[in-house]
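So the protein lines, in turn, are chains A and B.
Numbering-wise, the first sequence is residues 30 to 567 according to our numbering.
Numbering-wise, the second sequence is residues 3 to 390 according to our numbering.
Heads up, a few of these hints could be off.
Said to hold, decoys possible - Calculated cross-link-like contacts (lysine to any residue; reagent style SDA-like; alpha-carbon spacing at most 20 Å):
| id | chain 1 | residue 1 | chain 2 | residue 2 |
| --- | --- | --- | --- | --- |
| 1 | A | LYS531 | B | LYS85 |
| 2 | A | LYS310 | B | MET76 |
| 3 | B | LYS49 | A | VAL343 |
| 4 | B | LYS322 | A | GLY167 |
| 5 | B | LYS261 | B | ALA273 |
| 6 | B | LYS355 | B | ALA273 |
| 7 | B | LYS282 | B | PHE159 |
| 8 | B | LYS99 | A | PRO544 |
| 9 | B | LYS137 | B | LYS121 |
| 10 | B | LYS176 | A | ARG86 |
| 11 | B | LYS90 | A | THR377 |
| 12 | A | LYS310 | B | SER91 |
| 13 | A | LYS310 | B | GLU101 |
| 14 | B | LYS85 | A | GLN455 |
| 15 | B | LYS121 | A | GLY345 |
| 16 | B | LYS90 | A | ASP526 |
If you're looking for bench data, these hints aren't it; they were derived computationally from the structure.
Everything numeric in this text was worked out from a predicted model, so none of it was measured.
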Amino acid sequence: MSAVLDSHGHGHDDHHGAPHGWRRWVYATNHKDIGTLYLLFAFTMLMIGGVLALLIRAELFQPGLQLVNPELFNQLTTMHGLIMVFGAIMPAFVGFANWMIPLQIGASDMAFARMNNFSFWLMIPAAVMLAGSFFMPGGAPAAGWTLYAPLTLQMGPSMDAGIFAMHILGASSIMGSINIIVTILNMRAPGMTLMKMPMFVWTWLITAYLLIAVMPVLAGAITMTLTDRHFGTTFFNPAGGGDPIMYQHIFWFFGHPEVYIMILPAFGIISHIVPAFARKKLFGYASMVYATSSIAILSFIVWAHHMYATGMPVTGQLFFMYATMLISVPTGVKVFNWIATMWRGSMTFETPMLFAVGFIFVFTMGGFTGLILSMAPIDIQVQDTYYVVAHFHYVLVAGSLFAMFAGFYYWCPKWTGVMYNETRGQIHFWWTLISFNVTFFPMHFLGLAGMPRRYADYPMQFADFNAVASIGAFFFGFAQVYFFLFVVLPAMRGHGDKAVAKPWEAAEGLEWEVPSPAPFHTFENPPKLDATATRVIG
Amino acid sequence: MKNNLFQKLTSGVLFLAAWASTAAWAVNDLPGGPAVRQLNLQPGATKIAQEQGWLHWFMLIICTVIFVAVFGVMFYSIWKHRKSVGHKSASFHESVKVEIAWTVIPFIIVILMALPATKAVVAQKDTSNADLTIKATGYQWKWGYDYLKGQGEGIAFISTLDNEQREMSNNGAKGVDVDNYLLKVDNPLVVPVNKKVRIITTANDVIHAFAVPSLGVKQDAIPGFVRDTWFRAEAVGDYYGQCQELCGKEHAYMPIHVKVLSAADYSAWVATEQKKMAAKQDDPSKVWNLADLSKRGEKVYAANCAACHQPNGKGAGPIKPLDGSAVVLDADKNKQIKVLLNGQNNLAMPSWKQLSDTDIAAVITYTKNNWSNKTGQLVQPADVKAAR
Numbered sequence: 030m031s032a033v034l035d036s037h038g039h040g041h042d043d044h045h046g047a048p049h050g051w052r053r054w055v056y057a058t059n060h061k062d063i064g065t066l067y068l069l070f071a072f073t074m075l076m077i078g079g080v081l082a083l084l085i086r087a088e089l090f091q092p093g094l095q096l097v098n099p100e101l102f103n104q105l106t107t108m109h110g111l112i113m114v115f116g117a118i119m120p121a122f123v124g125f126a127n128w129m130i131p132l133q134i135g136a137s138d139m140a141f142a143r144m145n146n147f148s149f150w151l152m153i154p155a156a157v158m159l160a161g162s163f164f165m166p167g168g169a170p171a172a173g174w175t176l177y178a179p180l181t182l183q184m185g186p187s188m189d190a191g192i193f194a195m196h197i198l199g200a201s202s203i204m205g206s207i208n209i210i211v212t213i214l215n216m217r218a219p220g221m222t223l224m225k226m227p228m229f230v231w232t233w234l235i236t237a238y239l240l241i242a243v244m245p246v247l248a249g250a251i252t253m254t255l256t257d258r259h260f261g262t263t264f265f266n267p268a269g270g271g272d273p274i275m276y277q278h279i280f281w282f283f284g285h286p287e288v289y290i291m292i293l294p295a296f297g298i299i300s301h302i303v304p305a306f307a308r309k310k311l312f313g314y315a316s317m318v319y320a321t322s323s324i325a326i327l328s329f330i331v332w333a334h335h336m337y338a339t340g341m342p343v344t345g346q347l348f349f350m351y352a353t354m355l356i357s358v359p360t361g362v363k364v365f366n367w368i369a370t371m372w373r374g375s376m377t378f379e380t381p382m383l384f385a386v387g388f389i390f391v392f393t394m395g396g397f398t399g400l401i402l403s404m405a406p407i408d409i410q411v412q413d414t415y416y417v418v419a420h421f422h423y424v425l426v427a428g429s430l431f432a433m434f435a436g437f438y439y440w441c442p443k444w445t446g447v448m449y450n451e452t453r454g455q456i457h458f459w460w461t462l463i464s465f466n467v468t469f470f471p472m473h474f475l476g477l478a479g480m481p482r483r484y485a486d487y488p489m490q491f492a493d494f495n496a497v498a499s500i501g502a503f504f505f506g507f508a509q510v511y512f513f514l515f516v517v518l519p520a521m522r523g524h525g526d527k528a529v530a531k532p533w534e535a536a537e538g539l540e541w542e543v544p545s546p547a548p549f550h551t552f553e554n555p556p557k558l559d560a561t562a563t564r565v566i567g
Numbered sequence: 003m004k005n006n007l008f009q010k011l012t013s014g015v016l017f018l019a020a021w022a023s024t025a026a027w028a029v030n031d032l033p034g035g036p037a038v039r040q041l042n043l044q045p046g047a048t049k050i051a052q053e054q055g056w057l058h059w060f061m062l063i064i065c066t067v068i069f070v071a072v073f074g075v076m077f078y079s080i081w082k083h084r085k086s087v088g089h090k091s092a093s094f095h096e097s098v099k100v101e102i103a104w105t106v107i108p109f110i111i112v113i114l115m116a117l118p119a120t121k122a123v124v125a126q127k128d129t130s131n132a133d134l135t136i137k138a139t140g141y142q143w144k145w146g147y148d149y150l151k152g153q154g155e156g157i158a159f160i161s162t163l164d165n166e167q168r169e170m171s172n173n174g175a176k177g178v179d180v181d182n183y184l185l186k187v188d189n190p191l192v193v194p195v196n197k198k199v200r201i202i203t204t205a206n207d208v209i210h211a212f213a214v215p216s217l218g219v220k221q222d223a224i225p226g227f228v229r230d231t232w233f234r235a236e237a238v239g240d241y242y243g244q245c246q247e248l249c250g251k252e253h254a255y256m257p258i259h260v261k262v263l264s265a266a267d268y269s270a271w272v273a274t275e276q277k278k279m280a281a282k283q284d285d286p287s288k289v290w291n292l293a294d295l296s297k298r299g300e301k302v303y304a305a306n307c308a309a310c311h312q313p314n315g316k317g318a319g320p321i322k323p324l325d326g327s328a329v330v331l332d333a334d335k336n337k338q339i340k341v342l343l344n345g346q347n348n349l350a351m352p353s354w355k356q357l358s359d360t361d362i363a364a365v366i367t368y369t370k371n372n373w374s375n376k377t378g379q380l381v382q383p384a385d386v387k388a389a390r
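Can you build the whole structure from these sequences, using the hints too?
Below, the structure written as C-alpha cells:
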C-alpha cells in the first residue's frame, strides 16, 4: 500500500506527506484532515444558521410584520434550530474529537479511517437537503426544531427531506461515535490507563456512548412521523387513535441526553485550558470523571421536564422535577473543580483562558436558570416563553460555542503551526461576550413577562427588549465573521509567529509532544510514556 | 415596589439603545397582561400565580447568593493569583473532604428548594370540586369555549383575534399604540370572581396551549385527548394570555382574554347570553334566498376563512385560491361541502364541521357567487345537513 502512496515522490517507506489537490480531501482518511473538514463544515453551518437567526431578529426588531410572513418566520426558527444543533455544534465537536483524540492518546489515527471519511461526507448531502428545503414547494419545515406531531403531519414535502436529512446526520453521528469509542478503548499508548486519560477524551468517550444510545431513538420518532405522513399509520395522529404526546416522550428521551452531548465535550475542553493557564494541575480529576458520568446517567431520566405543560400526573411532575434538580449537583462539582484549579494558581489570560473563564461565568448563569426552570410551578409560567430561549442560548452559545472558541485558540498553534493574533483574539472575546449578553439577557425579562417563543409578532409592551436583543444579535453575528476573516483565515494561511511544540508554558498532554504544526502522521509507533502518561520518554 | 427602582434604571439605559421603538410607540402597561419593559412575572391574580411568583423570588435569591459567592471566589482568585503580580502556583490538586462537602451541601440545598415546590405542584394539579367547568378547544387559529357544568351551562362560543389588529400586524404595526395589541378578541371568556373554574383543554387539529400568566395557568390543548387545569381569580378584571405551543402560521394570533366578573354581573351575562342563543338558533330546514344567504356568508368568511384565503379569495403561497377554483365552480355542490366538512390535504385545510349547517351553507353560497365566481348556485342548510 505504501508503495502506491509513495509514488508522489517524497518520503521513505513509513513516512509520507499529505496527498495533494482535491483527492486529499475527498479521499481523506487522515484524522487531522477529516477534523479540519468537520470544523470548516460546522463553521459554514454556523454562518447559515446565524443568517437565519439574524432574519428572525430583524423581524422581531419592532412589533408588526415587516420582513417575513408568519409562515416563513416559523420556517426560519425551525431551520435555525435544526442547523445549529445538527449542523454546527455536533459536527464541530466531532471535528475537535478527530483532531485531538488520537493526538491526546498517542494513537496514529482513528480506528476506522474510511468510515471516518464516510461519516464526514454523508453530512454534505444531508446539509444540502436540509438547507435546500427552503426552495421546496411550501418552503422549509415549520414545525419547530422539536418537530412535534401532529403539526408535522400538516407540513409540505420539505418535511420528508428534513426527516431524511436527519436520518443521514444520525447515521453519520453513530458512525463517528463508534469510531471514537473504538479508538479510545483500543488505541491508547501503552501506559495510558483509563484514569490517566485526558479529560477531553473522557468526556468524548461518555458523549459517544450517549450518542449511540439516543440517536436511534430520534430515528425511530421521525420514522414514525414519516410513516404517519405517507403510509397510513397513526402513531401520533389522534384521528386514528394515535398519541401526539407519545411523540414528545420519544423525542425528549433523545432530546435531553442530546443537550449533554452538546455540552460534555465542552467541559472536557475547559478542563484542559484552565489548568494550562493557571499553571496548576486540574483539581479533582477523579471527581470530574465521576461527575461527567453521573450527568450522563441522570440525563436519561429527566426528559419529561420539557413536558410539564402537557398535563402529567402529580407524581410524574414530582419525579421529573426532583431528578432534574439533582443534575445541578454533579454540574456544580465541575464548576467548583475549575475554580479550585484556578485558586492559588499563577494565572495568565490569553484568549483561550478568557474564553474558558467567560464560559464558566456565563454558562453557570444558564445552569442556574436551568435549575429555576426545573421547578414545575415556575416552569408553568415560563415554559415555551423567551425565558427558555434565553436559558438554552446561555448553555449552548455561552456554553458549547464559547468552549469551542476556547479550544480553537488553545489548539490553533498545534493545528496551523502559527500563533493566532493575540490582540484580535481578545477583541473577538470581548466583542462576543458583550454582544452575547446584550442579545440574550433581555430575553429573560421577556419570558418572565410572558412573551411566548416562536412568535412572529408580539404585544407592544415587549418592544424595547426585543429591539435591544436584535441590536445585540447583529453585533454578535459580525463578531463571528471578524473571527473567521481576521483570526482563523490568517492562521490557516500560516500568517503569524511560528509556534513551538508546546506554546503554552504549563499545558499538559501528548499533543504538545509532537511538533507544531502536527505532522501529517504522528505516533506511527506507540510512544513510551512517563508515569503520568502526559510525556513521551522514548 | 422593588421592581420600580430597577425599572427606572433599566429604562434609562434602554432609552438610548432602543430609541427607535421608544420614540415610535407610546404604549401603557396593560393590567392583567404585560407591562412595558416588565422585568418579572406578571402580578398574580390567583393564589397559585402568587405562589409561583413567590417561588421564583425564592429561587432567584438563593441562586443569586450562590452565584455571587462562587464567582466572588473566582474573581478574587483572578485578581490575586495572577502570574503578573508574581503569584506562584500551589501544587494541591485534590481534597476528599472539600469534594465531599461541595457535593453534599448543594444536595441539601436542592432538597430545601424542592420542598415548597412540591407543595405548589400538588396544589396546582388539584382540579377537584370546581364551581364551573369550561372546555377550551384549540382550533387553528382560535379558541372555542363550551360551558360544560355550573352556572351558564350550555353557553358556547368561538373567540378570535380582532381582525383589525391582525391587519395592523400585516401592515407592520406602524404608528399603532394600542395597549392590547394582539390581545383583543371578539368574545372573551367570561367567568365569575372567587369561584374555582376548571378548564378542560383539547384541540381540533394540532397541539395548542391555553396560557394566562396572571392566573398562573398553562395547559397544552392536545387533539384527541383532554387535560385539565384550574384557577380561582381573586379580583374582577381582564386577564390576557396567548397560545403557547407552536400551532402553525397564525400561532401568534390566537390570544386568550379572560373577563372576570362579580357574581351579579356574571349572572346577568349568563342571562343575556342564553337569550341570545335562543334567538340565534337557526332552523336548519329554513329555505334561504341568494341575497340573504350570501350576506351572511360574507360575515362567516371574514371570521373564519379570510385569514388564509385572503379577503380577495386569491389565497397566498400554499393556500389555494377560491376565486376561480374548480371545486367552488363545480356544478356538484357536494364537492365543496365535503371539503368544508372533512378538510383537505392532511387538514392543511382544516375541517369546519363545528360551524352550523346554516353558516356552512352561507359561506359556500358566498364563495360561489363572489369575486369572479358567478355560478348562481345556492346551497341550502338542508344540503349541508344531508352531507354530514
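Okay, the hints, checked on the actual structure:
1. Pair hint LYS531/A plus LYS85/B holds up; C-alpha atoms about 19 Å apart against a cutoff of 20 Å.
2. With a CA separation close to 17 Å, the supplied pair LYS310/A and MET76/B stays within the 20 Å bound.
3. Between LYS49/B and VAL343/A the CA atoms are separated by roughly 18 Å; this keeps the pair inside 20 Å, and the hint holds.
4. Distance check on the hinted pair: LYS322/B and GLY167/A sit about 12 Å apart at the alpha-carbon level, within 20 Å; holds.
5. Of the pairs offered as hints, the one joining LYS261/B and ALA273/B holds, with about 16 Å between alpha carbons and a cut-off of 20 Å not exceeded.
6. Distance restraint check for LYS355/B and ALA273/B: the Cα-Cα separation of roughly 27 Å exceeds the 20 Å cut-off, and the hinted pair is therefore not satisfied.
7. The hinted pair formed by LYS282/B and PHE159/B meets the criterion: a straight-line CA distance of about 12 Å does not exceed 20 Å.
8. The hinted pair formed by LYS99/B and PRO544/A fails the criterion: a straight-line CA distance of about 41 Å is larger than 20 Å.
9. Between LYS137/B and LYS121/B the alpha-carbon distance is near 27 Å, which puts this suggested pair outside the 20 Å criterion.
10. As the CA atoms of LYS176/B and ARG86/A are separated by approximately 18 Å, the hinted pair is consistent with the 20 Å bound.
11. Simply put, LYS90/B and THR377/A have alpha-carbon atoms about 12 Å apart, close enough for the 20 Å limit, and the pair holds.
12. Proximity of LYS310/A to SER91/B is assessed by CA-CA distance (about 10 Å); at most 20 Å being required, the pair is judged to hold.
13. Pair hint LYS310/A plus GLU101/B holds up; C-alpha atoms about 16 Å apart against a cutoff of 20 Å.
14. Restraint check for LYS85/B and GLN455/A: the C-alpha separation of about 18 Å stays at or below 20 Å, so the hint holds.
15. Proximity of LYS121/B to GLY345/A is assessed by CA-CA distance (about 14 Å); at most 20 Å being required, the pair is judged to hold.
16. This hinted pair does not check out: LYS90/B and ASP526/A have alpha carbons roughly 28 Å apart, beyond 20 Å.
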